[in-house]
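Residue numbers (my numbering), protein chains in the order written: chain A, 1 to 314; chain B, 1 to 268.
These are calculated hints, taken from the structure and not from any lab test.
Values in this document were obtained by computation on a predicted structure and should not be read as measured data.
Ranges between beta-carbon positions, derived for each pair:
#, chain 1, residue 1, chain 2, residue 2, range
1, A, Tyr160, B, Pro88, 43 to 53 Å
2, B, Pro88, A, Val59, 50 to 60 Å
3, B, Gly31, A, Gly140, 20 to 30 Å
4, A, Gly140, B, Gly130, 29 to 39 Å
5, B, Asn38, A, Gly140, 28 to 38 Å
6, B, Glu252, A, Glu204, 30 to 40 Å
7, A, Ile52, B, Val33, 47 to 57 Å
8, B, Arg14, A, Trp37, 43 to 53 Å
9, A, Val131, B, Asp83, 29 to 39 Å
10, B, Asn38, A, Glu204, 26 to 36 Å
11, B, Gly56, A, Tyr160, 52 to 62 Å
When the alpha-carbon atoms are kept at most 20 Å apart in a straight line, the in silico EDC-like pairs for lysine to aspartate or glutamate are as follows:
#, chain 1, residue 1, chain 2, residue 2
12, A, Lys39, B, Glu154
13, B, Lys90, A, Glu207
14, B, Lys90, B, Asp80
15, B, Lys208, B, Asp179
16, A, Lys39, A, Asp308
17, A, Lys39, A, Asp301
Partial chain B-side listing against chain A, Cβ under 7 Å, derived:
#, residue
18, Met67
19, Arg96
20, Met101
21, Gly108
22, Ser109
23, Leu111
24, Pro123
25, Leu126
26, Glu154
27, Leu155
28, Tyr156
Don't be surprised by glycine CBs; every beta carbon is placed ideally from N, CA and C.
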Amino acid sequence: MDVIAAAEGLHSTGLEPDAGAAGAGETVARARARGPWRKAWDRFKRNRLALISLVMCGVLVVVAFAAPWIAPHHYADTDYEALLAGAGADGHLLGTDQLGRDILSRTLYGLRTALIVAFGAELLALLCALVVGLAAGYRGGRAEQGLMAFTDVMYAFPSYLFAIVMVAVLGRSIFALIVAIGIAGWVTQARLVRAQVLSIKQREYVEAARAMGASGPTIAVRYILPNAIGPMLVTTSFAIPAAIAAEAGLGLLGLGVQPPTPSWGGMISEGTRYLLSAPHMLLAPACVFALALLAFTWVGDGVRDAFDPRGDRR
Amino acid sequence: MTTSDVDSPGSAARPLVAAHEVSKVFGSRAGEVRAVENVSLHIGVGETVGVVGESGSGKSTLARLLMGLQPCTSGRVEFDGQDLATVPGKELRVLRQRMQMVFQNPFGSLLPHYSAVANVMEPLRLHGRGTKTSRREQADALLEMVGIHPGFGELYPSQFSGGQQQRIAIARALALEPDLLVCDEPTSSLDVSIQAQILALLGELRQKLGLSCLFISHNLAVVERLADRVAVMSQGRIVEEGPTERLFEAPEHPYTRQLLGAVLPVTM
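Excised from the complex, chain B in its bound form (with noise of 0.2 Å):
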């Protein structure tokens, strides 16, 4: 596997999905939490972008601002020029059509009580796509393509593995055939092995299906191998942002080389 993209348009396409200067503050009984403090992060068409840092650093706020899963405290997410905070509850559930997410515990995002192929087709049902029969066979070839043997499409969720329902989960995601796909930490619940085949399934999807990328991660091998561009996060900021091989190879922050200390070669 190649560690990125090579003919990816980089970061100077037109932006996807745009963040300007969005904050997140949650309140508690402990006083105000800053999830995330005035980040600026743009997505082009076609591109990936990885998000890095340890854990409680706003990664995974960040990914549900962008897809308008939670409002911003201040600042605002654009998605083709649009303004998620404007877009009436309605047709904000037709745009969601073209960007879906994979999330991190894949057995706690599929309906526990719809079959895998079910949960395959809920969504092209949702926004009225194709018939019965036709969303049965699209959701048969998604799971084929995930890797999923169709004869299993009647099982559970609870009837797999963690890998199988991350490839599930990865399956419905695609079924709306998005624009942005926004993975926050798909192979973190995952063992290693495993991990390596979700990533090369999302590497390749990726490549194929010209699908634009947000790929959240504390693993920083995992974002040096898919992402175009690399923003680190810490305590809610984005402390540096840059192409994947300039930030791996002369990272600037201190933070950043310092996460890169901290974590040994991998290879795949």
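Isolated chain A (complex conformation) (with noise of 0.2 Å):
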């Protein structure tokens, strides 16, 4: 390569680093890279509700994943020799339903169907607002129109009435909850990515990144993306637990999944019925409802803090 070629021999200057965040040569071993990411989650470890909360969700999701495993009974078995158990019932640690079925079982069933409708909501939300709000920002024109248009209808509708609308064309499935959670909450989050690329399409590196030779598409994906990602993934962890609390509050109203398939919603609707002779059948499911929206609001904050701008000067 010739700049090196003829640079060979050019140290003569006596152009010492400089003294700074990397100094001496002894250092370079000591020295950490710490990028955007790695600060981020500096950040977040010095949070400990929010470390703790995402144990927590790791728990949770562990648990949702393991359910057909771990749960003493199928969420559909009836034991007629036991309806409405208390708690500590034999073999029944959380007692039964009206039905005879495991209290238990039908809580860590219900935690898996409110995780998937709740991460498949978000991804589709996340997937759809990346593309549209990159689109949007970085080119305008008609993908910006069509968004700003669309999202003048979405704010005009009550989500809930949308979802509603959803999972009366869709029926009653898994399925039609993420996509009808997802496309409630989605435009939203374009927005918020169309304005964190307009605020970083007015930085200088990507304008050094234009007078490089980068194309367009390279500059959107490349440059632009990674460094809108940190807010959106702000957005998303809190919107995990609104989604998870949109499916309970759909299956509350009669429109979760199809029963028997367990939703905290559904259950918690039964359990009012039998508020007075059976109080277990609400408290399980209600319990661990507010549990899982309280540890995916706590890493939800613990990501604020750790991409907030400001964070670091603490």
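Reconstruct the complex from the two isolated chains, following the hints.
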């Protein structure tokens, strides 16, 4: 390479590396690379509550995944010997419901339903939001006009009403719930992506990338997108507990998954009918529901602080 | 250090890049802003041209026009005989290998999510030069050339000081072995001692690599030291242009005299 060859023996002017983050040669081994992701993780780790919540969420996900193996009964198995049995009944740790179904097993399966719907819906929403938001923010034009028009329509529509319509059209299935909740949520996120892209587009490194000879798609996907993802992670991590709540809410309204597949909303709704005679029917799903919501929300808090641009100044 | 490159071909050389009566008008709510008006400027092969002027005089806009980063409102810019406005996007991106730019704010112009060495490798990757291993070797050599220990290559831009960031930016601009290097106030965001180092580095690289250079600064001492020829800009126009020595010894235009008079002599 000519440049290198020509520059051989060019270290004549005593160009020592500046003092600063990286100084003399022997610190090379100790200097640790801290990119934007590493920094965010370091900041996240400092938040004890968020870290515990993250572990909690991990446990919830594992339990949901392993529900078929760890649940003592199948969620639809009925035990007519023990209808409305209280907690601690023979073979039913948390008791049974009015059909003699094991509450613990149903709660575990309900967790599974809730997480599949919440993660599915958020994944769908995030993907749509990234693609449309990036196109709208970077290219402008039709994608932008379309997004803005669609957003206005969605804003005019209460999202629960929208979800109800979707479930009515698509039927009561997990897929329908994912689509209903995902579509109700993606527009707000797409607008956020667009706003992020618009602000990052003004940054000097985007112009520098153009000067280097990078093409539009390269700039959008390789340089802008990675820098827009942090803030998107924040909204997504708050949207997941919201989606869990939405799934339970639809279940409560009788629009959740098709029975006998358990959903927390459905279980809570049934539980209220036997509130006085069998309060355990309500308590178990409600407690786990609350626990899951709190854990995911606290993780969201941690993620938000981790990506806060002012975070490192403390 | 000598004030300028003695054996430079000077303004008589074949122009590498030339602006012909270019103007740039920005529309804004307050009305039109004429950032650059009717400016003609050329940079010969191997020549260093300095552009000085106060902030808002249109220097940076002129640089962007010469780089083809913004379209001219009128006039044309030719790079090696090709009108930049007529070169299709794809070919323009290829042509960009031959002209690179160093920006005013080094931290802002480096990709924050790429390590130092990845930043230097990026232009090579974009233009499909070499393999991943060879790019890495080149990037390490370039970093070493600008005085960054390659052992720090894995660190991210935010972990370097301003001067080091600007060195990385210079290494990146040189990675493609450009014919033209446009430096837009490369030292104005750095403190004085680092400025001197960066200027020494640029002066040396320019000589060794035979670069053509457009050097923009509001600091007259910087331009006097590096440029063969100087253009003085005021309110979007070039008010005076001439060989560095002549211009500094016998300024003709009152604005140039005013500029020279306003600056304390700086010795390096």
